[in-house]
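Residue numbers (the numbering used here), protein chains in the order written: chain W, 1 to 153; chain A, 1 to 174; chain X, 1 to 301.
A hint or two may mislead.
Sample of chain X residues at the chain W side, in silico, Cβ under 8 Å [said to hold, decoys possible]:
#1 Gln48
#2 Gln60
#3 Glu212
#4 Ala216
#5 Ala249
Straight-line distance between alpha carbons at most 20 Å, and here's what the computed PhoX-like set of lysine-lysine pairs gives [stated by the list, open to error]:
#6 Lys122(A) / Lys155(A)
#7 Lys14(W) / Lys276(X)
#8 Lys276(X) / Lys14(A)
#9 Lys144(W) / Lys14(W)
#10 Lys140(W) / Lys14(W)
#11 Lys144(W) / Lys2(W)
Quick caveat, the hints were computed from the structure, so don't treat them as lab data. Each residue gets a CB set at the ideal place from its N, CA and C atoms; glycine is no exception.
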Amino acid sequence: MKLLTPLIARSRVKSPWVYCANSGSCNGCDIEIAAALSPRYDAEQTGALRQGSPKHADILIVTGPVTLRAGAAIRDIYDQMPSPKAVVAVGSCPASGGVFSGSPTVEAPLGDIIPVDVYVPGCPPRPQEILRGVIQAAGKLNDKDREREEEQS
Amino acid sequence: MSIFQTLLHNSRSKALTHHPDDRVEPPNRYRGQVVQDASLCVGCTTCAYVCSPSAITFEDQVGDHVAWQYDAGRCTFCGRCVAFCPTHALSSVPQPTPLATTRDEQLTVHHIQYQACADCGKPIIPLPLAALDTFSLPLQTAIAERVHLCEACRKRAASETVKRSFLGEKTHDR
Amino acid sequence: MSDVLSYLVALLLWPGLAGGALLGWLFLWLQRKLTARMQRRFGPPFYQPFYDFFKLLGKQTVIPRGVNPLLFYGLPTASLAAMLCVLALMPVPGNPVHSFAGDLIVLIYLLEVPALCDVLAGFSSRSLYGQVSAARETLLSLGYNLPFLAALIALALQVGSFRLDDLVNAPLSLVHVLAAAAFLLAVPARLKSNPFSIANAEQEILAGVHTEYNGAPLALFELTHGLELVALAGLFTLVIMPALSSGLAELAIYLLISTASVIALSVLAAGTARIKVQQAMRFYWRWGLVAALIALVAAWL
Chain W
1 MKLLTPLIAR SRVKSPWVYC ANSGSCNGCD IEIAAALSPR YDAEQTGALR
51 QGSPKHADIL IVTGPVTLRA GAAIRDIYDQ MPSPKAVVAV GSCPASGGVF
101 SGSPTVEAPL GDIIPVDVYV PGCPPRPQEI LRGVIQAAGK LNDKDREREE
151 EQS
Chain A
1 MSIFQTLLHN SRSKALTHHP DDRVEPPNRY RGQVVQDASL CVGCTTCAYV
51 CSPSAITFED QVGDHVAWQY DAGRCTFCGR CVAFCPTHAL SSVPQPTPLA
101 TTRDEQLTVH HIQYQACADC GKPIIPLPLA ALDTFSLPLQ TAIAERVHLC
151 EACRKRAASE TVKRSFLGEK THDR
Chain X
1 MSDVLSYLVA LLLWPGLAGG ALLGWLFLWL QRKLTARMQR RFGPPFYQPF
51 YDFFKLLGKQ TVIPRGVNPL LFYGLPTASL AAMLCVLALM PVPGNPVHSF
101 AGDLIVLIYL LEVPALCDVL AGFSSRSLYG QVSAARETLL SLGYNLPFLA
151 ALIALALQVG SFRLDDLVNA PLSLVHVLAA AAFLLAVPAR LKSNPFSIAN
201 AEQEILAGVH TEYNGAPLAL FELTHGLELV ALAGLFTLVI MPALSSGLAE
251 LAIYLLISTA SVIALSVLAA GTARIKVQQA MRFYWRWGLV AALIALVAAW
301 L
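Let the hints inform the model, and build the full structure from the sequences given.
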């Protein structure tokens, strides 16, 4: 297993499988994520694949201001993902609540619920920025794995 | 079967894809990162007033200073602050806001120094002359002279003008 | 070479684990790259399936509550082992294992093991999506196995032997062409690719039977899929390939025809949409039956 460690470390950066979770977003950011997967920006060229199951994913992409009902679901999805994992908050809503901040039905910011690794600003952000956010988050996976191992030992 | 013709055509032609580092330039009118020139700001709070998600706030007003705070993680990039800024201190660059790894990185804080009253030196918020220009309302020269005065000095100047018009030039010597 | 050693080489080197995995990753990459090119995209880099596999190996494995860990680890291992045995039995050029009487029957049984493991994995993983997918896979296997088995039985009937070596060395005839047609009908459904991607319908029932699988077991399932691709493309090649004396030319033709069939499969997958399970069953029990009967009758005469 020790022999495989550098190989696995490189593979993690090169193969970020993503799971997209909408936590009450207006759909603007989701459309831009769809654009990032489209032929023009082609997320697959970086190895990113959209997965249907959070158990297959390395990176969780969250859009939306985390409504009360979505909050529990987001926490659940994050707990289901096997380590190492990273979170990308797309748009202004998960970062702070955006225009919905202060609403009694909104649990934003996302950072209070799960640890966020990359914030992609914009309302909505450009598809390439989302892609760069995913790449940046994939680069952090190895550090997170090391931290987890240190915590366990 | 025309789908297979399409597939054949697609595989023959060049890919449409942009590499993540090969940035697609946004259009000129793209409302990207909001930047502020702190030297032009007079602290009139118009931007904070028009900002619907309250991404711009004015905090810690101490003496002649105020902290202008802008949170890129709250902004909706609607461009209203840029449109309404009377001194054109705010502008939006047609480039996306850079990615951030913490919320603190998204916060911009500028300390704005209020202008001093030309007469007594108290901190003031001057009239937004540029805004008045955009509405093409030329000020009377008498008022334009008092733009850089504080409220108390403006009142005194006005009352002196009134006195002068009633009593003539010499009255204040009495 | 002693028998044990030759089996070990066949299982672990060529055409087993090492060769099969490399060829499987190449074919998986080719499929993804071709699909991307047909959609005017760049597609994944060359090493992508390799990276995917090792990344999954390095991930934490979460066993869902109430699932037997033995089953969770055992099913992917069993399906991988079965696929390795299939590859070891295949009379590809350079295989050190000698053919024995009845190995075609062993091969057919072993080819069924990954599908069986998938179904068990789906039912045992306590996931609704897994159960739906497993039910679909069970039903579909009743459809695609009709032309698949008929093709192999027709060939065996024609040659009069269940030895793979005899099948491979038989001169090309009309039965071969008919059997190849029936075989090709079954291949997309066996590999769960479009338009028969009913069992693993991605985004519709999440990841199908693999929904609850993660980490190393998922990596083994992915590897099994790659090996299945190699095995089916290889079987198709061996059955219709003309017997050549020179080993190197044989290997080149084997790789060429396998690659061509993978290309044809990805073109079909990119150009079609998923059909319903009823439509798939109707297709297999109508056209599959016709192709099977024609091949069997031609072999009989």
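(request) Mind checking the alpha carbons of lysine 144(W) and lysine 2(W) for me, to see if they're no more than 20 Å apart? (result) holds (18 Å)
(message) Next item in the hint list is glutamine 60(X). Is there a CB on chain W closer than 8 Å to its CB?
(response) holds (4 Å)
(message) Hint check: lysine 144(W) vs lysine 14(W), CA-CA at most 20 Å. Holds or violated?
(response) holds (16 Å)
(request) With a cut-off of 20 Å on the C-alpha distance, tell me whether lysine 122(A) and lysine 155(A) pass. (result) holds (14 Å)
(request) Quickly compare the C-alpha distance for lysine 140(W) and lysine 14(W) to 20 Å and report which way the hint goes. (result) Given pair lysine 140(W), lysine 14(W) holds - Cα atoms ~12 Å apart, limit 20 Å.
(request) Quickly compare the C-alpha distance for lysine 276(X) and lysine 14(A) to 20 Å and report which way the hint goes. (result) Since the Cα atoms of lysine 276(X) and lysine 14(A) sit roughly 34 Å apart, the hinted pair is violated (cutoff 20 Å).
(request) Compare the distance between the alpha carbons of lysine 14(W) and lysine 276(X) with 20 Å, and conclude whether the hinted pair is satisfied. (result) At roughly 35 Å apart (the allowed maximum being 20 Å), lysine 276(X) and lysine 14(W) break the hint.
(message) Checking hints one by one. Is alanine 216(X) an interface residue toward chain W, by the C-beta closer than 8 Å rule?
(response) With a minimum Cβ separation of about 10 Å from chain W (threshold 8 Å), the hint on alanine 216(X) is violated.
(message) For the restraint on glutamine 48(X), tell me whether the closest CB of chain W is nearer than 8 Å.
(response) Holds: closest Cβ of chain W sits about 6 Å from glutamine 48(X), inside 8 Å.
(request) Classify the hint on alanine 249(X) as holds or violated, based on whether any CB of chain W lies nearer than 8 Å to its CB. (result) violated (35 Å)
(request) Go through the hint on glutamate 212(X) and say holds or violated, using the shortest Cβ distance to chain W against 8 Å. (result) Cβ of glutamate 212(X) sits 6 Å from chain W, so the hint holds.
Consistency note: the structure conflicts with the earlier hints numbered 4, 5, 7, 8.
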